[in-house]
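Novice: Here's the letter readout for the chains.
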Amino acid sequence: MSAVLANMRVKEDKEMRNVYCETLMELSEENNKIVVLDADLMNSMGMTKYANKYPERTFNVGIQEANMVGIAAGLSATGLVPFAHSFGPFATRRCFDQLFLSCGYAKLNVRIVGSDPGVTAAYNGGTHMPFEDMGILRNIPNITILEPVDSVMLKDIIKQTSNMYGLFYIRLLRKNAVKIYEDSSTFEIGKGITLKDGRDVTIIATGIMVDDALKASDELEKTGISARVVNIFTLKPIDKELIIKCAKETGAIVTAENHSVINGLYSAVSEVIAESTLVPVEKVGVMDEFGEVGPLDYLKQRFKLTPESIVEKVKKVLKRKNS
Amino acid sequence: MLSSEKIKEVKEFAIKIRIETIKAIGNLGFGHIGGAMSIADTIAVLYDAVMKYDPKNPNWEDRDYLICSKGHAGPSIYSALALKGFFPIEELMTLNKPGTHLPSHCDRNLTTGIDMTTGSLGQGSSLAVGVALGNRCCGRKNTTYLILGDGEMQEGQVWEAVLYAAQQKLSNLIVFVDYNKKQLDGYTADINDLGDLKSKFEAFNWFAQEVDGHNVSEIYEAVENAKKQNEKPSAIILHTVKGKGCSFAENELYNHHMTVSRQQMEEALNVLLNELGRR
Ligand SMILES: Cc1ncc(C[n+]2csc(CCOP(=O)(O)OP(=O)(O)O)c2C)c(N)n1
Ligand SMILES: [Mg+2]
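For the record, the sequence lines run as chains A and B.
In this text, residue positions in the first sequence follow full-length UniProt numbering: the first is 1, and each later residue adds one.
In this text, residue positions in the second sequence follow full-length UniProt numbering: the first is 1, and each later residue adds one.
Any given hint might turn out to be false.
What the hints assert, rightly or not - Computed beta-carbon distance windows for the label pairs:
1) A:Y298 with B:K6: 40 to 46 Å
2) B:M93 with A:E275: 50 to 56 Å
3) B:G29 with A:Y105: 43 to 49 Å
4) A:R302 with B:M93: 18 to 24 Å
5) A:L101 with B:E12: 49 to 55 Å
6) A:K191 with B:N270: 55 to 61 Å
7) A:D183 with B:Y187: 39 to 45 Å
8) A:K191 with B:Y187: 54 to 60 Å
Stated by the list, open to error - Each computed BS3-like pair below joins lysine-lysine, with the alpha-carbon atoms no more than 25 Å apart:
9) A:K33 with A:K49
10) B:K227 with B:K200
11) A:K215 with A:K14
12) B:K8 with B:K227
13) B:K181 with A:K49
14) A:K175 with B:K97
15) B:K181 with B:K198
16) A:K49 with A:K175
17) A:K304 with B:K181
Because the hints were derived from the structure by calculation, they are not lab data.
Small disclaimer: the values here were computed from a predicted structure and weren't measured.
Even for Gly, the Cβ is constructed at its ideal location relative to N, Cα and C.
Could you put together the complete structure from these sequences and hints?
Specialist: Printed below as a string of structure tokens:
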């Protein structure tokens, strides 16, 4: 693994869905075991190109997510390597028992892609806004939960998981990400990445909150606070070693996630802290609420998923650390 | 049978629903236009000629209930509700805006007159069975209406509900299927074909009818027939066109969710306003 923070953190030109499609097209050239499933969101996912090139390994089952997941599990039992997509809530909540039993318990080999995480579901509103997707799936033994932050990471992760065995959940921003990593970066599943060093506190962030965490850290620097920034993109299995190291070295942690604080990153980090080095942990995330409709900027403010709230929580955690 | 004046009125109401819906979606610049248009005539029949309701007392227990399981068609119901006085018509312009009472998918807690929260396709079917059962348990002489999308009927949950409604002989339940032959990714027949829905419902022991879903008197007649049933739940298969009546949507293949320019909106509104004027 060698992941390098991008020089310029700008909105990427290419949408994540297009990177997803292109990567699968590339991989499918060499790996004829890859199969793609969707539940009537193939256009939304920008997968038409794939479906046209590989009609014989594309299965758009229609609007029936539970059936799709069961079929994916069945396909994998014959040696195929399925990637199955729907919007986050429908790819998880809607078919949890199929994920748990048909995939997890049966030890089959399935990649579930849930798009439009958290507030990025925006105009689709509360019914489509998963704050709980990673949380519910975290209860499945041996599952791997990944949240790629930009297209460099996405590409690498899709590639890696296509060669791995097990149940994977890939939480995928569908539109343009902010570039976080230099093009040459590679990643190790299960290992977090220290994006910026710091002494006073560690901000551990995932997904769209990584950019906000870096912004918050820059802001804090101006007031003399040195905040380390770590990107945990594998929620499960979580990088215990790195979390403990950060706790020991900085003595305080703030988590930041576009997800419920219940059973998401905050919970996972706190579990590690509780059994190792007790340091104060504060959180930025959705506070046990349902989603609602609106533009992304509004929703980020509404649910306090901003650099400002990270700064605020850092100050709070430092008070606790120093008292 | 509806009188010819009433037919004229319902048809006009359907046009008004389309106008307000296109305005609300156009004002935002994008939205689920196709499925809102294909069901507009049925919404017009329901709110103008069929359903018992009281805009001043939206929670009136003996009202008829409407569950729109294809929750993304909310905007056309919001238009009907506003036109019937459930809330001020100006509110339609808040569709999907921050803090709105009119979200993209139907929400019983946010919108006056919306009976059920939907948006995860398939779920409204069971909710409607529950509501119809509950109304019967409470001895109410009302009807529960359910609107399903055709693509939505690929969800297994729908068929669980269909099976149990027949078991319970829920004759107070009337289901409309908006059979516009399209879902998000294209034609239902190319993705997961629903085929002959009338015989499928009949095989599940329902009373089933097929009508032109853009012909208000046919829709009305079918509801009348359905209401005469006392042993079976009823299904009315509406043969419809996705995007119907909206000039920039009707002839597009992918018209499920569209971006709408000012010009497109104005053209579409002109067509509909002309149609109203000619009446
Ligand atoms: C469970 C679930 N899966 C997927 C979606 C995303 N989605 C919203 S509308 C739609 C297509 C609906 O097609 P159809 O039921 O035929 O409705 P209509 O043609 O009337 O718009 C899809 C896939 C959803 N809302 N819920
Ligand atoms: Mg349809």
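Novice: Take the hints in turn and mark each one as holding or not.
Specialist: Here's how the hints hold up against the structure:
Our hint of 40 to 46 Å for Y298 of chain A and K6 of chain B holds, since their Cβ atoms are close to 44 Å apart. Against the hinted window of 50 to 56 Å, the Cβ-Cβ separation of M93 of chain B and E275 of chain A comes to about 54 Å, which satisfies the hint. At roughly 46 Å, the beta carbons of G29 of chain B and Y105 of chain A sit within the given window of 43 to 49 Å. Checked against the hint of 18 to 24 Å, the pair R302 of chain A and M93 of chain B passes, with Cβ atoms roughly 20 Å apart.
Between L101 of chain A and E12 of chain B the CB atoms are about 54 Å apart, so this pair conforms to the stated range of 49 to 55 Å. Distance hint check for K191 of chain A and N270 of chain B: the Cβ-Cβ separation is about 60 Å, which falls inside the suggested range of 55 to 61 Å. A hinted range of 39 to 45 Å holds for the C-beta pair D183 of chain A and Y187 of chain B, which are about 40 Å apart. With their beta carbons about 45 Å apart, K191 of chain A and Y187 of chain B fall outside the hinted range of 54 to 60 Å.
Distance check on the hinted pair: K33 of chain A and K49 of chain A sit about 18 Å apart at the alpha-carbon level, within 25 Å; holds. Taking the CA atoms of K227 of chain B and K200 of chain B, the gap is about 20 Å. The hint holds against a cut of 25 Å. Restraint check for K215 of chain A and K14 of chain A: the C-alpha separation of about 22 Å stays at or below 25 Å, so the hint holds. Between K8 of chain B and K227 of chain B the CA atoms are separated by roughly 23 Å; this keeps the pair inside 25 Å, and the hint holds.
With a C-alpha separation of about 23 Å, the suggested pairing of K181 of chain B with K49 of chain A holds against the 25 Å cut-off. Restraint check for K175 of chain A and K97 of chain B: the C-alpha separation of about 20 Å stays at or below 25 Å, so the hint holds. Between K181 of chain B and K198 of chain B the CA atoms are separated by roughly 14 Å; this keeps the pair inside 25 Å, and the hint holds. As the CA atoms of K49 of chain A and K175 of chain A are separated by approximately 17 Å, the hinted pair is consistent with the 25 Å bound.
Restraint check for K304 of chain A and K181 of chain B: the C-alpha separation of about 42 Å exceeds 25 Å, so the hint is violated.
Violated hints, listed in ascending order, are 8, 17; each of the other numbered hints is respected by the structure.
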